[in-house]
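First to last, the protein sequences are chains D and A.
Heads up: the first sequence at position 204 corresponds to 203 in numbering that gives the first Met the number 0, and the numbers run straight through without jumps.
Heads up: the second sequence at position 20 corresponds to 19 in numbering that gives the first Met the number 0, and the numbers run straight through without jumps.
Fair warning: there could be bad hints in the mix.
To be verified - Far from chain A by the CB rule (all over 10 Å, computed), these chain D residues:
{"#": "1", "residue": "SER17"}
{"#": "2", "residue": "ILE18"}
{"#": "3", "residue": "MET52"}
{"#": "4", "residue": "PRO143"}
{"#": "5", "residue": "GLY149"}
{"#": "6", "residue": "VAL153"}
{"#": "7", "residue": "ALA165"}
{"#": "8", "residue": "THR187"}
{"#": "9", "residue": "GLY207"}
{"#": "10", "residue": "TRP215"}
{"#": "11", "residue": "TYR218"}
{"#": "12", "residue": "HIS253"}
{"#": "13", "residue": "TRP359"}
{"#": "14", "residue": "SER400"}
Said to hold, decoys possible - Partial pick of chain D residues on the chain A-facing surface, computed with a CB cut under 8 Å:
{"#": "15", "residue": "LEU159"}
{"#": "16", "residue": "VAL160"}
{"#": "17", "residue": "THR168"}
{"#": "18", "residue": "PHE171"}
{"#": "19", "residue": "LEU206"}
{"#": "20", "residue": "ARG217"}
{"#": "21", "residue": "ALA312"}
{"#": "22", "residue": "THR315"}
By construction, these hints were calculated from the structure, which means they are not laboratory data.
Virtual Cβ for every residue (Gly too), placed ideally from N, Cα, C.
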Amino acid sequence: MDNKYSILREPLVLGNKSIAEVTNDIAKPLEKKSSKLWWICFLTSLLILSIGMVAVTHQISTGLGTWGLNNTIGWAFDITTFVFWIGIGHAGTLISAILFLFRQKWRTSVNRSAEAMTIFAVICAGAYILIHMGRTYFGYWLIPYPNTRGPLWVNFRSPLVWDLFAISTYLFTSLIFWYVGLIPDLATLRDRTTSKIKKGFYKFFALGWTGSNKTWHRYETVYGLLAGLATPLVVSVHTIVSWDFATSIIPGWHTTIFPPYFVAGAVFSGFAMVLTLMLVVRKVLHFEDYITLHHVENMCKIIILTGGIVGLAYATEFFIAMYSGNEYESFTFINRALGPMSWAYWIMVTCNIVAPQFFWIKKIRRNVVAVFIISIFINIGMWFERFVIIVSSLTRDYLPSSWSSYSPTIIEIATLIGSFGLFFTLFFLFARFLPMISIGEVKAVLSYGKNGEQK
Amino acid sequence: MNKRLVVTYFNNEKDLLHATSFAKKNKYEIQDVFTPYAVHGLDDAMGLKTSKLGIVCFVLGITGAIAKLWYQIWTSATDWPINVGGKPLNSFPAFIPVTFEVTVLFAGIGTTIYFLLSDSRRWKKKIRPNYKTVTDSEFALVIVPNNAVYDFSETKNRFKQFNYLRMEEIIEKVNNEKD
């Protein structure tokens, strides 16, 4: 591990840390009293979440009529935001599973938070699924259990049922993957902390981990297996989400390009969200030595790649719509770009295709403020992508008599904002009580890129 | 019966790896090695065999796949056949996505639970090195000395070349289980 690497490789951890210093640096924020800044962030998120809760309670008790939907437009903010959140989650699994299989060692500093982000994003997406049913309290009817209604089974040919299985599998697998990764770190915290309550908490969840190499050996095997399972899973999840659209006969949805297009878009938006979060975290918790500019740059490069795929997909979709000669298809695309909802289309193009092009420049990739701003643009752009796909296709039906338009109600906007509140509430709780960076994994890459003696 | 153990602490993985290989070569019985992170190459140095978890994972996955495929065909084509848009009752290709998801679910969660249950036996052991330092920054090699030729200071001398931090003797109560 030592002299093998050339000095040209940038070290993954800066500041010549010793193993004990790593434990110290990462565990320190968990042992201090909550800072004022944390309280402000947490309470703000909680406030936003409660606004969303009020909106959702109103919607469930009154009915879906509180939304701006109509006969023509049956999906709008709900599914847009659902797809947005599911997409956000994908970067976490990509970092934790796919980069693990490719032995990309730089993942170690960011994988813990990215996985946490995945779980929280999937929770938000799942909440949206339940909310958009209208009668949320019958949500369990989606589960194919022997019921007193026949038993009447769910229709396993429907992509909406596939979705249920995909998302719940994704949630459970991500959760277990994240937890398995946490066990050694929980043991580290258990052995350090002086607070009795915390010790009890960490002791319970560390399951008596001792650091025995016989266990490490099997642990690594399990981790590898989970990574191997999560990799096709993450691709399947967004593929199935895209089938919700692609298996229907709505012009603009009924295309075979959807699965790869959606998966690339998901990774693209997810990395933007990882950057948004990590740039703040590294500043606030002083993790500059762990989440280095090298990490930021790598993530920017993945954004260029996936952003390129997304741009290509937009172009291909448009070209095929024209080239196919199908009048409905070509009308839909002209309508998207030039019709009444064209403002959304151009926001999408600007944020998703133009904005990431700045990442070709190394100076911008290494400029934290610039990266942060661009990542916000991409987040917005990717939300609009789903909005454009869903709403602009639905506003124009085959029959001009059923053409319609859409504007969200205050309840829908409050629910959207509330989902961000849920996401950030969970994220701040995570930042307060669990190590944001994988302590064990970072220790293993300390010598990476270092020339000579290990510490 | 009580068992004598010799615990040697190191402060870096290189010394630990060399000491472990040395112990293995000199026929010391290595009870275990404790490390703060998964040390690359330590499995070989200790002579650990590839674990069978892969097989467990495979069997669980196949079980999930078969069970779910059967369930979908049974519910859709046998128990209450419903004609949905003229599609065949046994719409085999349409059943694949859910089958795949359940395969992953069974394999992933099942393997993890199997791992946690089977290894917690080892974690419950009372005697272990001063694990507080092992989960932080130190590495510990635990060997069972060969009684016939055992001498603590002699062992100390033999391991001196590996720059260990300290070496301790501990007595472990043996309950009749095999590790």
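Against the structure, the hints:
no., hint, verdict
1, SER17, "7 Å, violated"
2, ILE18, "4 Å, violated"
3, MET52, "30 Å, holds"
4, PRO143, "6 Å, violated"
5, GLY149, "6 Å, violated"
6, VAL153, "8 Å, violated"
7, ALA165, "5 Å, violated"
8, THR187, "4 Å, violated"
9, GLY207, "4 Å, violated"
10, TRP215, "5 Å, violated"
11, TYR218, "7 Å, violated"
12, HIS253, "16 Å, holds"
13, TRP359, "36 Å, holds"
14, SER400, "25 Å, holds"
15, LEU159, "11 Å, violated"
16, VAL160, "7 Å, holds"
17, THR168, "4 Å, holds"
18, PHE171, "6 Å, holds"
19, LEU206, "6 Å, holds"
20, ARG217, "5 Å, holds"
21, ALA312, "22 Å, violated"
22, THR315, "24 Å, violated"
Hints 1, 2, 4, 5, 6, 7, 8, 9, 10, 11, 15, 21, 22 from the earlier list are contradicted by this structure; the remaining hints agree with it.
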